[in-house]
Amino acid sequence: MPTVNLTVNGKAVSANVEARTLLVNLLREQLGLTGTHVGCDTSQCGACVVHVDGKSVKACTLLAVQANGSKVTTIEGLASGDKLHPMQEAFREHHGLQCGFCTPGMVMSAVCLAQNHPNLTEKDVREGLEGNLCRCTGYHNIVQAVLAGAQAMRR
Amino acid sequence: MAPNDTGIGASVRRREDYRFLTGQGTYTDDINRPNQTYAWIVRSPHAHATIKSVDTKAAKAAPGVIAVYTGEDFKAINGLPCGWLVHSRDGKPMIEPKHPILAHGKVRHVGDPVAVVIAETKAQARDAAEKIAIDYAALPAAGDMKAALAPGAKPVHDEAPGNLCFDWELGDKAATDAAFSKAARVVKLDLVNNRLVPNAMEPRAAIGEYDRATGEHTLYTTSQNPHVIRLLMGAFVLGLPEHKLRVVAPDVGGGFGSKIYHYAEEAIVTWASKQVGRPIKWTAERSESFMSDAHGRDHVTHAELALDKDGKFLGFKSETLANMGGYLSTFAPCIPTYLHGTLLAGNYATPAIWTNVKAVFTNTVPVDAYRGAGRPEATFILERIIDKAARELKMDPAELRRRNYIKPEQFPYQTPVALVYDTGNYHATLDQVLKLSDAAGYEKRKAESKARGKLRGRGIASYIEACGIAPSNVVGSLGARAGLYEAANVRVNPTGNVTVFTGSHAHGQGHETTFAQVVSTMLGIPMDQVEISHGDTNRVPFGMGTYGSRSIAVGGTAIVKALDKIIAKGKKIAAHLMEAAEADIEFKDGKFTVAGTDKSTPFGAVALAAYVPHKYPLETLEPGLDETAFYDPKNFTFPAGSYVCEVEVDPETGVVEVQSFAAADDFGRLINPMIVEGQVHGGLGQGIGQALLETCVYDKDGQLQTGSYMDYTMPRADDLPSFKVAHSVTACTHNPLGVKGCGEAGAIGAPPTVINAVIDALSEYGVTHLDMPATPHRVWQAIQAAQPAKR
Ligand code: FES
Ligand code: FES
Chain A
0 MPTVNLTVNG
10 KAVSANVEAR
20 TLLVNLLREQ
30 LGLTGTHVGC
40 DTSQCGACVV
50 HVDGKSVKAC
60 TLLAVQANGS
70 KVTTIEGLAS
80 GDKLHPMQEA
90 FREHHGLQCG
100 FCTPGMVMSA
110 VCLAQNHPNL
120 TEKDVREGLE
130 GNLCRCTGYH
140 NIVQAVLAGA
150 QAMRR
Chain B
83 MAPNDTGIGA
93 SVRRREDYRF
103 LTGQGTYTDD
113 INRPNQTYAW
123 IVRSPHAHAT
133 IKSVDTKAAK
143 AAPGVIAVYT
153 GEDFKAINGL
163 PCGWLVHSRD
173 GKPMIEPKHP
183 ILAHGKVRHV
193 GDPVAVVIAE
203 TKAQARDAAE
213 KIAIDYAALP
223 AAGDMKAALA
233 PGAKPVHDEA
243 PGNLCFDWEL
253 GDKAATDAAF
263 SKAARVVKLD
273 LVNNRLVPNA
283 MEPRAAIGEY
293 DRATGEHTLY
303 TTSQNPHVIR
313 LLMGAFVLGL
323 PEHKLRVVAP
333 DVGGGFGSKI
343 YHYAEEAIVT
353 WASKQVGRPI
363 KWTAERSESF
373 MSDAHGRDHV
383 THAELALDKD
393 GKFLGFKSET
403 LANMGGYLST
413 FAPCIPTYLH
423 GTLLAGNYAT
433 PAIWTNVKAV
443 FTNTVPVDAY
453 RGAGRPEATF
463 ILERIIDKAA
473 RELKMDPAEL
483 RRRNYIKPEQ
493 FPYQTPVALV
503 YDTGNYHATL
513 DQVLKLSDAA
523 GYEKRKAESK
533 ARGKLRGRGI
543 ASYIEACGIA
553 PSNVVGSLGA
563 RAGLYEAANV
573 RVNPTGNVTV
583 FTGSHAHGQG
593 HETTFAQVVS
603 TMLGIPMDQV
613 EISHGDTNRV
623 PFGMGTYGSR
633 SIAVGGTAIV
643 KALDKIIAKG
653 KKIAAHLMEA
663 AEADIEFKDG
673 KFTVAGTDKS
683 TPFGAVALAA
693 YVPHKYPLET
703 LEPGLDETAF
713 YDPKNFTFPA
723 GSYVCEVEVD
733 PETGVVEVQS
743 FAAADDFGRL
753 INPMIVEGQV
763 HGGLGQGIGQ
773 ALLETCVYDK
783 DGQLQTGSYM
793 DYTMPRADDL
803 PSFKVAHSVT
813 ACTHNPLGVK
823 GCGEAGAIGA
833 PPTVINAVID
843 ALSEYGVTHL
853 DMPATPHRVW
863 QAIQAAQPAK
873 R
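Just so you know, the protein sequences line up as chains A and B, in that order. Under this note's numbering, the first residue of the first sequence is numbered 0, with each subsequent residue one higher. Under this note's numbering, the first residue of the second sequence is numbered 83, with each subsequent residue one higher.
Looking at chain B on its own, in the form it has when it is part of the complex (with noise of 0.2 Å):
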């Protein structure tokens, strides 16, 4: 059926522009609460030191100051919990130390929340903290991985003398060994991804209220799963039953990651509020954004491909060190681990394939999944050294690919790396892409590009994402520590319009718009008559919340069952109003019809008969018209596809110029079109970034060099291109609508589409690989360093 103006697959702009574009957001900072007070937290200017005295006198003296706390006010509280619990190859479990709320006794990071002050006005809060005399005794640091991997480091917690948190392997080594060595060709190859500061515009945030008639807490914050915080804090840390805590995440500024874990600041501001007996208002400076946010990425890989004579994949293998900074944040083990091994299969039907991670702790902010988390990792070590097999072969970049895709007709496909893919099409992507991209125009466009003294190039990825996040049993038997369904609550109000609370977040996904559109269409009724609440723990019946790109394959799914039950109940309602067979009732269009009559029921009608029950079989059936249901996948989602870049690079200054971005992907059934587009755009947005301007740097003493938007380079509106975007369509096989995620494309496809382009441009003097970010002042380096023949 044609989408109709506002169904499924239909553009509908969004419902929650009115309110950001007057001005009448309500994020987590424009919440003001009776007799709020504020904090400020004292962070620790050290990389790694011990905390001798912390004098706070003068501190509580100063004016407008009601409390201020140290880590010896915490020292019996819990601290923060990890979710996840990988096991080393050897069988031992990770190495997992206390993540104290303020830290205790020692630093592990710049920025490690070391007091906290309470006071009347945020400038008093900061005026008084000033005030508190903390004496350091400085130790050696490690800024990264080789420093605290280096023979006598000192360690970053005593329980892990190496600085080794786990050493965790996946896939089959004696069979991958075999492979390599029946190959015609080994391609190798040493890269880092860059660590990223995730920098959502909105700073984090969070406000703790405690009510003492009630006994009620109440925590407002910028999360992406309110639930999850809930759980968190209130179980593992604070001791707070859930029906005593409320955790509202409002309109959250965006996320990519980072507002998915439970920070200190959280647990602070909840605490503290009960000891004051006032609310307490805690807001992010961006520069404490910087230094206590947790980062991304941040690996440092050894790749080697190994290919037959006709360029057929035989074996893969990986090395990687993953940072895990100062403490492990609630997902960062899963990252390198489940998010990125079981990934490097890739597209492709490479038939052994054997990895190793090692993570390691450093005197650094810890480091958690940032948009993509893991797999734009797995896809950048595949996507460059396939292209640099492509190089040394003397091969289309696009034929190797396409001779190495899984094809069409081997789906389901069980991978190397534990994965089964439902289904897929790359080589549609691929075409797709070449000719949006007008791959048949690239010479004149080179030629073009040389004759004004540039050099152009042309780079090609393909990526494959596992979303939907995830079965249950297949991550809890993999150590993630808890379910990850997601839930939805279905209420037909007695005149027939519904509100939908959904486990979902949305924090810029537009799902007020999205699950509505899903819901009239399956209802049959106008979009108008919908409303879509998230994000209030005292309305939502339970939520893991919005991350992995879930929320429609996992929480619009939950939806579709609970909107399964409320047509069931209908059915069984319309039946006694018509006196007809439950069986011979059939919905369509918003009305319950008796089959092959003109007998028929409309929605309305029926969700009255549920709130009115004076003609109602009430023997058999309870009265109302509202279900819940929870949704647990059977498998992941794999959203795949190609890209496709041109850049031009001025071989005098070293600048890259992104000249064209072309996007062809395959997320399944649309639900919004211009809405997934915009999803795009912005992962997109965020790849290049990633690939030519941003990287967060730490000196060898670990201090941190890109502290703020000086030093930090976001991407900007002048630095980006437009983008070309295109679909093709498998639907996934296991879920009801077909759909499989779209929120990390962008982010994982990007980087080495952009990296091959300018090794394409660069390949005339001889340049095979250069680490992200590709600065004028790495490339120009590069184009200096080339034989000075070629120069």
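Pulled out of the complex, with its shape left as it was, chain A reads as follows (with noise of 0.2 Å):
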């Protein structure tokens, strides 16, 4: 069995895996982070979205192998301590939550959209939140949350 190396929130891991293990499953079942959702099997509801180097990326739909030597960041590094991310705490102010399910991978995807993007537009967001499904919300409060959150994180 191969051996992965990485770190995951800051902490170096080291893991044996099956060769066709997903990185999602490394996090979820070796690891333990099940903050990482897995809500389908084609790649396309972004419930588990994680940071690999800093950019946004789907753990069902990377090899666990593929991330070796990767700094992974999950949404249980996100915070600092007790103190929410600002993105965080923008989903909680304005209700950009309800089940929790998709909300992991929303966040993350989030983050990284601010990161990229100085000047959110509301055509911004929904588009670049297009990843991620939602179920529960009509993405209306996401929608406000990631605003207000990306306003948040250049403070």
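Anything over 10 Å on all C-beta distances counts as not near chain B; from chain A, calculated:
| no. | residue |
| --- | --- |
| 1 | G9 |
| 2 | V51 |
| 3 | L119 |
Under the rule of at most 25 Å between Cα atoms (straight-line distance), these lysine-lysine pairs were calculated in the PhoX-like manner:
| no. | chain 1 | residue 1 | chain 2 | residue 2 |
| --- | --- | --- | --- | --- |
| 4 | B | K528 | A | K122 |
| 5 | B | K806 | A | K122 |
| 6 | A | K122 | B | K536 |
| 7 | B | K532 | A | K122 |
| 8 | B | K391 | B | K489 |
Among the chain A residues that face chain B by a calculated CB cut under 10 Å, a handful are:
| no. | residue |
| --- | --- |
| 9 | T20 |
| 10 | G31 |
| 11 | G34 |
| 12 | T35 |
| 13 | H36 |
| 14 | Q43 |
| 15 | C44 |
| 16 | L77 |
| 17 | E92 |
| 18 | G95 |
| 19 | T102 |
| 20 | E129 |
| 21 | C133 |
| 22 | C135 |
| 23 | G137 |
| 24 | I141 |
Hints listed in this document are in silico derivations from the structure and should not be mistaken for laboratory results. Note that this is a predicted model, so its numbers are computed, not measured. Glycine included, C-beta positions come from ideal geometry on N, C-alpha and C.
Using the hints, put the two standalone chains together into the complex.
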């Protein structure tokens, strides 16, 4: 079984995996980081989004071995201690989540989107989150949250 | 009293959010039990076939495999029960064939479970599953209702030779025919309510565990109603007594109806975990969800509306075919009947109504309640035919509705289809939505769209729904096999904080926040001293769960009733502590006071006295402060509202864009307006999805063509607009909070609103109806089919 070495949420991790293991399975099943979710089997829902070397990536679409040597951040690694990341805080403030299942992926995508676009508009947010499905919110409050969160991140 | 910052009426931020935002939610698949094994289910690739043989030898020998079970192993075990018995108009009971846990002898839809492999890892279970050799003999299949009802169609079940499950009617046919004979105009419409796949973002999952030492089974499952699963699976399928069966529905990632039902996988992991002596986890892949979660809608209807010369409705009738799928799911027969036929009065004072519903077996996944459940289908028929009538009469569609609404002074209003609406003000929500949507500025916007080569259309629709499900004696007389009350236990702890155990289940609704607001307001204690617990049959006394927008109206009222008992007992204790007569004790703002004096005792002191009963009337009163209440609603609640949507159609491509959407709802009193608005947004998203994007397609042989997100179009952020929402309030008259429920409104009101707008946009082409979803292809075809002169 191949060994993968990565940094997950700031900690060095080493694991033996079957070659076919997806990054999301490594995170959820071997490292116990169950905040990253699996909502589909066709790479379309975005429930599994994490950051790999600073880019948002669908963790169901990457083999664990492909992430060898990378720095991975999951939803569990976003807040600093008890202090929520500004994007997490904005989702709470704007009621951008209901059942919470899409939320980790949605927040991780939103953070990356905000980092890459200094002046997000509503249209940018709607298009930028095209890869993340939410069945609960109708996206209205998610969009409000991402706009507010992006602004707070610049402060 | 103005709401304080956490009381009833305040938009308190949700206490659930921290765990979900930091990845600390606990969904079923996040749970791992010591020594856990994994199940993989082998499903039928055929819509209809005889199983000639199943050879599991190679699979059993595969690496890591612990056990393999087939339909043969479940032959003696009961099938999945149906919770509702509908009678046909000739008095005969519906045909109710067995729904086996694992198919035996025959498969009836693509996805029908045939075998299960239990292995050390999920990958091993899956690999071994491929080694099972199943010899099927394919049979002719009915992929839709037309095929199922065609003469000579192969029966899905031998018990139902014509594939008819029941043939039901409601209303006065003679009176309705008489009304039609007097009509100045009769408007007719044929329509389809498209089949949908619920698609909660969390796929279903279940973990079964058996403790040999205690004989207790535990099932962790993605359910909207753990007690219902305990009852159905325990009593009707596996024969397990309640005291030895614990069902836990932890954090659940959305339900929308699809997680109400008792599914085969729950029984499989529960039963098999005892056989193998280890916990078993099963988690659906999304493709499995598409072929095993109960689907929604799928009605085909012919409707007629009779009007007099002034546009007054004289009568309405409809005939509907309702798809049941290959087996009867838990609530299936109730959806097209008692949750659909009874809503056909809508918001209108139509004096005579008759409806006939024929339920049909097909070789498709079972169909059951999906957000709105029967009520969206009823609303779609009414609001489309009324719009068609307005167009034929060349009348403003808002005016035609206004003319026929039940007037505020007519409540309580007995409809011709069995319901008594307690209260409402439909004129108010209509006025509100016209303002909210800037009806006055519409012509200008239309001209602007036209200047850009786009066709603008504006649609309006009203809706009413029956929520707060349901008075047990009423539903019992209509065929329900269970009561539909709710239970709550309020446990006041010795130092005055409170734990509430509710039978409602939250899977996105935010009960932990909303219910705590109710308790905090009623007891006058800070919200952070209130904890709401749900989802575990070993903690909550009983519960019928969450669906049909029932949680606040029924579950919330059960909490209020338990709190009433707490306060009543508290008054007795306070009277003793303050040496006053019980009748003189008042409770307000967290304090018991002696009327007309300045003597008072805080709630916390009374709680402490109840648990440390040193100065306590022990001869007449038990220690402790812990009360349970069951609340059975007196009537349904009737949320209602009016919606306006504006769309732009590109005549070159047929693409429809929703430009604006305004919703004015009356949900009675609001506990947490932020959460209520979130519910409306979500419902609108699903309703617009149904109108423009989503549809579940089976080919004529019963093969599922939309089996993944590659081909089933889910609404994404860039498909939807921002919403404008507003509320008006007529308080429900028969529950203490005056609440009606808000979970399904958007999904009920949005589809006709959007389609009415699309038809309005296409009116210059003479298009009078389009079936959902109004995809670019359909819209473009309708434009192409218009008379060439108009093109
Ligand atoms: S799990 Fe759906 S995109 Fe990764
Ligand atoms: S909050 Fe439930 S799927 Fe987005």
